[in-house]
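S.K.: Listed below, chain by chain, are the residues.
2 protein chains.
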Amino acid sequence: MKGLMQDWPLTVMSIIDHANRFHAEREIVTRTVEGPIHRCTYSDIHLRARKCAQALQKLGMKQGDVIATMAWNTHRHMEAWYGIMGMGAVCHTLNPRLFAEQLTYIINHAEDQFIFFDTTFVPVIEAVADTLPNVKGFIILTDKEHMPETKLKNVYCYEEIVEAEDGNFEWADVDENDACGLCYTSGTTGNPKGVLYSHRSNVLHALAANGADAMGMRSVDTVLPVVPMFHANAWAIAFSAPASGAKIVMPGANMDGESIYELLSTERVTVTAAVPTVWLMLLGHLEANEVKLPDLTKVIIGGSAAPRSMIEAFERDYDVTVMHAWGMTEMSPMGTLGSFKAGMETLPFEEQLDIKVKQGRAIYTVEMKITDDDGNDLPSDGVAFGHLMVRGPAVAGGYLKGEGGNILDEDGWFDTGDVATLDPLGFMQITDRAKDVIKSGGEWISSIELENTAVGHPDVVEAAVIGILHPKWDERPLLIVIPKEGSGLTKESVLEYMDGKIAKWWMPDDVVFVDEIPHTATGKIQKLTLREQFKDYTLPTATAAE
Amino acid sequence: MKGLMQDWPLTVMSIIDHANRFHAEREIVTRTVEGPIHRCTYSDIHLRARKCAQALQKLGMKQGDVIATMAWNTHRHMEAWYGIMGMGAVCHTLNPRLFAEQLTYIINHAEDQFIFFDTTFVPVIEAVADTLPNVKGFIILTDKEHMPETKLKNVYCYEEIVEAEDGNFEWADVDENDACGLCYTSGTTGNPKGVLYSHRSNVLHALAANGADAMGMRSVDTVLPVVPMFHANAWAIAFSAPASGAKIVMPGANMDGESIYELLSTERVTVTAAVPTVWLMLLGHLEANEVKLPDLTKVIIGGSAAPRSMIEAFERDYDVTVMHAWGMTEMSPMGTLGSFKAGMETLPFEEQLDIKVKQGRAIYTVEMKITDDDGNDLPSDGVAFGHLMVRGPAVAGGYLKGEGGNILDEDGWFDTGDVATLDPLGFMQITDRAKDVIKSGGEWISSIELENTAVGHPDVVEAAVIGILHPKWDERPLLIVIPKEGSGLTKESVLEYMDGKIAKWWMPDDVVFVDEIPHTATGKIQKLTLREQFKDYTLPTATAAE
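Chains as they are written, first to last, in the numbering used here: chain A, 12 to 557; chain B, 12 to 557.
For reference, chain A alone in the conformation it holds in the complex (with noise of 0.2 Å):
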């Protein structure tokens, strides 16, 4: 027997509608590209966003067609979001840091027909054109004054196009499940692969990110998303702060501790997100100038691991409150995020920061557990580390064109590729990527929590940990460090400050010293290169065994 409830399908078109309806006065504050402060509201934008769908129809895109964005976060790259969207287009967000290569790959396998980006990009999209076969022209997100030059061909105005329309249109009729988004993972194996978000899962996410205790946006917060939206869905920001009418705004290309924080002080911002690099940033501008954000109430900190002294002195000296999230592309992207259950709040600080640093608890809609090596589930006890799996309405089934074939195990859990800890409170602490915990004599060492310890050393400057292949153990741990310039440190002084701090079979074999640490295009250590460079090191201890 089917219920009897409305037939009322979840788009994200019913978030602006909604924004439009009952938040119509509030603000969308952007730090243009051109400079200036611009101002508009949730009224203009659902104007616009039409305004544009109508311009994109005019284009000749029609439903399911897929346009790409390359562009930072600004109301008019907020605009072409639910302006692609709601014609029933797919908005494929471009992440400007890719290689050359990548961006060739990612724009032909996605087939864009269109490409909005901001001028901060030409070089960036004139390097790639030449390649990009299918893409029938380009859209420069800005007005007519401030049209660059280009060699580009088939060139729009961003705002000529969208001005020169009415704005009477009527959002697609969509289906729930039809897709809206597209973004790519950053691959640090294998060519990048597609996550195709639906209308559906943005909204049931978006649901999800507002409930009081995950981000929890109200009408009254003002929040600032450093996160950008061409990463990860700007953590469903475009989506939540909309449907709960919270002001939003928007740093555009600057991202330095100066420009976030004159943002965050004048537009008395109360929630933000970001980068754990970012914050250090701000931390350091706040320091260095002696200021305070007496507005801000709540920091987000995800996409890495958020440093103990980074949470320590976010609530300590600016009596923020930071709220660890942990997620990625493919879950759209939130899985946990680090609200405090009944008594925590009363517990000493240090037990808080013991909180605060795990990655936080699974938030409703998120299914999470974590396995060994052949499925069999682990305990939640908080010590067992094992692989992190997930099922939810916001997770990838799989990717784009049937890539990476089929990504689910039988009872539809998707594998993280992380490794991590579940204690009995529920909260998650990420052990290490799977790839990269290191295999001795059948136990598991996490790379990610050596290279915390070796950081805490007071010259080194950045630390990566890889398994190097030994005959007794099978893998033991390399310790690559970045010294500080001139300090002199010594393979001794690292392991000297390690000891007692960690398991004493965990202690490496080994510490190099170099001058640069690879990373990726989002700015995690690149461990497969790190191996390739180093598959050949033999460790003092391996000869030793033999």
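Check the hints yourself; a few may be wrong.
If several chains are the same, the list does not tell them apart, and a pair holds so long as it fits within one copy or across any two.
Claimed, not checked - In silico lysine-lysine, DSS-like type, Cα no more than 27 Å apart, as pairs:
no.	residue 1	residue 2
1	K352	K309
2	K446	K535
3	K352	K412
4	K13	K62
5	K162	K502
I should point out that these hints are in silico values taken from the structure, not numbers from a laboratory.
Computed from a prediction, not measured in an experiment: that's the story for all the values here.
Chain A is fixed; fit chain B onto it per the hints.
M.R.: For chain B alone, kept in the frame of chain A given last:
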């Protein structure tokens, strides 16, 4: 092009699974019908719900069957909900305040197979049992020790049948659109009509309810739903609390001020929800005993309009935030909640009250508009009032067995039967029931506003206003009043009091004094009965006009 996200059906079982996985330790505290306080956890509820499902299967129940409950808010009632829905059956909540004939009609119309009920309701069930040919048996929600004597046949003891099972049960494989809940509207006209909730509608409604700006339940919260599970889904709390890991305090059968105060106080409740009459009793108790509730932060008031004086008392005297809510059985039930928008926190108290007496803003997933008699949209200016129309995934699309025919207009809007204003910031205020509005010379007069004004007179105990046919104006208002005993209240005194507080042309044409005003089972004034009673009444102005 379809998105490639996981096919993860929205089922209520996923909610209790989440609570079991991430909030296993959180408590459900019940004042049992037998008397003592009972404590258990989400983990226990999860286990016993599965045992309950097994027991129902053993009794021959299968997917799609309808199973009724007539019970107070207790842990057992919650287990029965998840047990019934978890085996794929439909949980039909019966309101014990209904008249015997209505119960008979509802139970037979719904084709209920079994009825769970508390010992309190043995006489109610016994009185109708002979009129229920399809009911196969009765499950009394108690243990062996407390099983009452009864003339009912096929009676089972809940604890006995549940504890005979091992809980090794896989939830039924349901489609998210399958029915899982059923609740009849109180039906002031004609027979009650069944609203058939689906797994999907309940999940989406719980997600929306948990939004930070809606009920905003957090895992650190302790919630006391006074609002009964047998009426309009207990405002979703049995779904939204486990989805967020909030502790639940179930009040059982005792709703008086002292009992509610005791639970709020000893269990350190942070959020609670009920109709105004309950809060009148609680405020009376607090005042009489000069006690406070230091842990209570939020009181949600719905069901009928919260008087300004009640909101004022909570906020000013007890430092509790009042959130006005509005909804209906057909809306699962929540439509609007009165959380503040930016800038409202700093308004003068009286202006805040002006906002708080409104019913609030639509939560995302609820679409809302007002229209005139011809279906034209009316402006959101806070002045124009019209038919309140809603759409959404948790709004009824039709009644059980097609009763009432097609209940949506051609664009899918459901007419709530209420008349309301919408202001420019999106706040809705109920003006009247459409059928109670007095249509005078083509203009509308709100009967509720007249009643609210009249009860402000110190000698008016209760007031009702109905329209009386008038030869010149079509209808004019008649004010029906219960005067304070021995007050010697006069018609002139009432009208003089109202003068200047309402528009001149809204003034009642006459006042009559009565000993009693009829009410429905859910406590609303039965205007239909009043109109019947006064159908031959002639207004003095009618004679004058002739």
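S.K.: State for each hint whether it applies.
M.R.: The hints, checked one at a time:
When the C-alpha separation of K352 and K309 is checked against a cutoff of 27 Å, the pair qualifies both within a copy, at 16 Å, and between copies, at 18 Å. Taking CA atoms no more than 27 Å apart as the test, K446 paired with K535 passes inside one copy only; the shortest distance there is 14 Å, against 65 Å between copies. Within a single copy, K352 and K412 get their C-alpha atoms no closer than 42 Å, and across copies no closer than 45 Å, so neither meets the 27 Å cut-off. Taking the closest pair of Cα atoms, K13 and K62 come within 27 Å of each other only across two copies (25 Å); inside a single copy the shortest separation is 39 Å, beyond that limit.
For the homomeric pair K162 and K502, neither the shortest alpha-carbon distance inside one copy (53 Å) nor that between copies (86 Å) is at most 27 Å.
Hint check: violations occur at hints 3 and 5; the rest are consistent with the structure.
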